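A.B. asks: Here is how the chains run, residue by residue.
Protein chains: 2
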Amino acid sequence: MTTALELTRLGYSCTILEATSSAGGRNRTIRAGDIVNETDSSQTCMFDFDDDLYFNAGPARIAHHHEFLLGYCREFGVALEVFTNDNRAALMHSANSHGGQPIVSRRVHADTRGNIARLLSMAVNQSALDAELTAADKINIIAMLRNFGDLDGSLNYTGSARGGFPGQEDVGSRQRGERVNPLALQDLITETFWQQRQGFAHGLEQQPTMLQPVGGMDRIARAFETRVINDLVADAQVTEIRKTANGVRIVYNRLGAPTQLDADYCICTIPATVLRNIVNDFSALHRAEIANFNYAAAGKIAFQSRRFWEQDHNIYGGISWTTQDITQIWYPNNGLGQTSGILVGAYIFGGSAGVNFAGQTPQQRINGALAQGSNLHPEINGQAARGISIAWPKIPFQLGAWGTSNPATLLTPDENIFFAGEHLSILQGWQEGAILSAYHAIDLIVARDSA
Amino acid sequence: MTTALELTRLGYSCTILEATSSAGGRNRTIRAGDIVNETDSSQTCMFDFDDDLYFNAGPARIAHHHEFLLGYCREFGVALEVFTNDNRAALMHSANSHGGQPIVSRRVHADTRGNIARLLSMAVNQSALDAELTAADKINIIAMLRNFGDLDGSLNYTGSARGGFPGQEDVGSRQRGERVNPLALQDLITETFWQQRQGFAHGLEQQPTMLQPVGGMDRIARAFETRVINDLVADAQVTEIRKTANGVRIVYNRLGAPTQLDADYCICTIPATVLRNIVNDFSALHRAEIANFNYAAAGKIAFQSRRFWEQDHNIYGGISWTTQDITQIWYPNNGLGQTSGILVGAYIFGGSAGVNFAGQTPQQRINGALAQGSNLHPEINGQAARGISIAWPKIPFQLGAWGTSNPATLLTPDENIFFAGEHLSILQGWQEGAILSAYHAIDLIVARDSA
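Chains as they are written, first to last, in this note's numbering: chain B, 58 to 508; chain V, 58 to 508.
Just so you know, these hints were derived from the structure itself, not from any lab. A portion of the hints provided could be inaccurate.
[What the hints assert, rightly or not] Keeping only pairs whose Cα atoms sit at most 25 angstroms apart, straight-line, the calculated SDA-like set for lysine to any residue is:
1) V:Lys195 to B:Glu248
2) B:Lys195 to V:Gly90
3) V:Lys195 to B:Ile199
4) V:Lys195 to B:Arg203
5) B:Lys300 to B:Asn334
6) B:Lys195 to V:Ser99
Note that the structure is predicted; figures quoted are calculated from it, not measured.
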């Protein structure tokens with residue numbers, strides 16, 4: 058839709074062939090009554106009808122510096138609100154640590170910083186780093202570390218108010234006389250899980266402020282669609298992509314009837330997983346890259362539930378992490394304070410957990426998410442119901458979540474056929490990447506026509 | 058209002074004497090047409106009329122664990138949304154560092170973590186901490202530090218994608234070939250400003266998720282007021298607080314006429330700064346604590362502006378910091394993506410900067426905020442207009458922002474007079490503190506009546 062919109066603005070005439078009834082692809086928001094068809098199952102969303110009860114089954118957050126996407130939101134009047142990645146009230150759970158009990162995130166962050174600051178200040182004061190630090194540096198870095206880790210006057214770390222107070226996550230002791238005991242350094246570093254988890258929200262794509270459209274991610278798809286609707290042919294399943302003497306010929310089925318469309322150029326944004334099974338005239342090199350392009354086997358499941366996470370645990374939005382297959386639990390960032398909300402009970406990025414998830418029936422996925430989720434939130438069993446899942450490897454016309462191979466040949470056109478999509482960008486898996494890739498294709502076409 | 062609401066629920070009859078036309082005190086949101094009267098000036102808010110163009114002149118954020126306040130929001134149907142403290146696209150500015158140029162927050166965070174991880178891993182590998190760490194610990198902590206600081210394979214820190222790419226905060230180089238150069242450790246630790254700023258959003262009261270009511274903080278005051286409106290006497294300025302044989306007598310002026318009210322108990326929530334000038338029968342100890350209770354001289358100023366921070370710098374909500382008197386610049390957390398927004402051009406916590414701010418005329422405050430703000434955002438001069446300020450030390454019936462002394466005597470009643478307010482809580486300056494203090498007073502009354 059980006060290429061059609063922008064090429065039209067440049068004076069080109071465009072036709073968008075959309076395989077389904079509505080454009081947007083993996084930008085998909087599921088609400089009451091929506092149907093999720095996979096290659097071997099069909100589910101109907103049984104959420105209550107309510108503007109705040111939605112499930113962003115594909116992309117669900119926008120980095121603040123994804124400025125082309127955000128520029129379209131601004132231009133189209135798509136309202137935005139904050140998406141929280143790092144909620145210090147959320148949980149971190151490893152089956153192998155702390156007796157399998159989840160730990161409130163604030164404790165992990167506070168105690169990791171506290172231990173690092175304690176050890177580094179010790180090393181500094183033992184003159185272990187005198188080759189690196191001047192006497193003035195040492196004084197300054199100690200002052201910084203005291204604040205960084207909330208060390209006491211003796212540069213010890215004996216816990217911090219940053220880590221909260223016992224029971225606070227439940228009912229809130231207001232006395233605050235006694236701080237929660239700090240986690241032992243050893244417990245914070247033994248597993249890969251603990252070693253890596255505190256870095257996540259520092260990544261450039263995951264730093265605050267993260268954003269989401271008010272009302273669901275598909276507000277963006279619908280806003281684009283409205284602007285290209287006259288050029289859009291829905292329910293058009295491409296069956297052949299051919300080269301002609303001076304251009305391209307696309308053959309597609311629409312409502313059972315084969316149709317052909319001749320054009321100067323084709324910009325093909327079909328995922329490689331789907332494209333590899335469409336009859337084409339591509340070069341051997343292009344075919345090979347398409348055939349071997351890897352995609353993440355990501356999946357999600359969502360439940361409607363009483364907001365026990367807010368009401369009982371002061372968790373407003375954000376993400377809990379676990380070493381179990383479900384990987385993450387997402388709390389809704391919208392409708393805060395309402396009675397019901399949509400809890401994402403699993404967000405599996407891919408790997409064997411994603412393949413397993415895709416291999417399960419919808420009911421098996423529900424059972425698994427509830428069983429694993431109850432290790433973080435026992436309430437999930439009684440409260441979370443009407444689960445609906447999506448396994449992107451099994452969604453027709455997608456057959457995968459996002460590209461994970463490094464593109465090369467597909468960045469260059471095959472005669473008059475150009476390729477675009479998130480999988481061909483430096484931001485794979487992000488909507489901004491799809492836009493950047495569209496711009497790349499547009500640039501190539503404009504350059505050719507200007508030559 | 059909390060005491061009246063809850064005591065009424067317990068069967069008591071209550072009367073609220075409110076000095077102004079509307080209850081809520083420092084919970085105050087300023088919109089188009091509102092008037093801010095200080096003891097020696099009057100301003101009219103010239104913002105455009107728009108639901109998203111408001112200025113929370115008092116409290117402006119709610120910690121996620123302030124569960125009594127949030128419980129009332131839930132009960133009253135006050136909608137909530139996320140408030141951002143820590144926006145990595147915001148700026149950190151010291152007049153004495155980096156040539157006076159503001160630094161994008163992501164760089165400070167990434168490079169501080171990077172340098173700390175580099176130095177600690179060096180010390181660990183030089184066996185400087187072998188008395189603290191086992192061989193296994195050393196392997197694990199190095200793995201953790203690589204992630205913590207984004208170190209390279211040689212455990213060096215040469216900058217990180219977490220710090221962004223040159224120009225990204227402006228127009229976004231999408232090539233990402235070259236990372237921004239890291240800041241030198243020395244530059245990150247020389248001043249108290251840099252030593253302390255990265256700790257702010259880790260504090261228990263400032264951790265994510267932070268919240269704000271949709272539409273302005275006074276949605277909470279209005280929701281309370283609706284529920285106690287039958288017991289509320291507005292425009293009632295208390296002039297005397299007296300003890301009687303079996304209770305209390307309050308004398309107040311209303312519309313120029315003195316009135317007296319006899320009751321079993323008084324719960325006095327008048328700020329100490331105001332209370333010390335009201336005729337009373339308090340004990341000498343209570344009088345002394347009231348007379349000497351200190352308050353923060355906090356103030357804020359807000360401007361209506363084009364959202365240049367979003368459109369030109371990808372800053373959506375959050376706070377920039379500076380060593381200048383204005384201390385902070387707050388970007389609106391609501392109406393993201395809209396054309397205009399309310400920029401808080403200064404939030405001064407108190408101290409000499411707060412006293413100076415209070416001593417200035419409204420126009421002097423505007424001039425100062427624009428001059429200082431332009432060192433972070435040159436656009437502020439042409440874009441930010443219609444400034445309106447509030448200096449809490451000069452707001453009638455408040456005469457201060459929040460209590461800063463440790464309460465003692467005022468926690469105990471003076472015969473039938475009980476005291477409450479944020480200044481008497483463990484959460485001074487927070488609305489949750491005012492509620493906790495109200496509960497304390499209620500508990501004392503209920504206990505006495507149960508004796």
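A.B. asks: Against this structure, judge whether each hint is valid.
C.D. replies: How the hints compare with the structure:
1. V:Lys195 to B:Glu248: holds (13 angstroms)
2. B:Lys195 to V:Gly90: violated (54 angstroms)
3. V:Lys195 to B:Ile199: holds (22 angstroms)
4. V:Lys195 to B:Arg203: holds (22 angstroms)
5. B:Lys300 to B:Asn334: holds (17 angstroms)
6. B:Lys195 to V:Ser99: Given that 25 angstroms is the threshold and the Cα spacing comes to 51 angstroms, the pair is violated.
Consistency note: the structure conflicts with the earlier hints numbered 2, 6.
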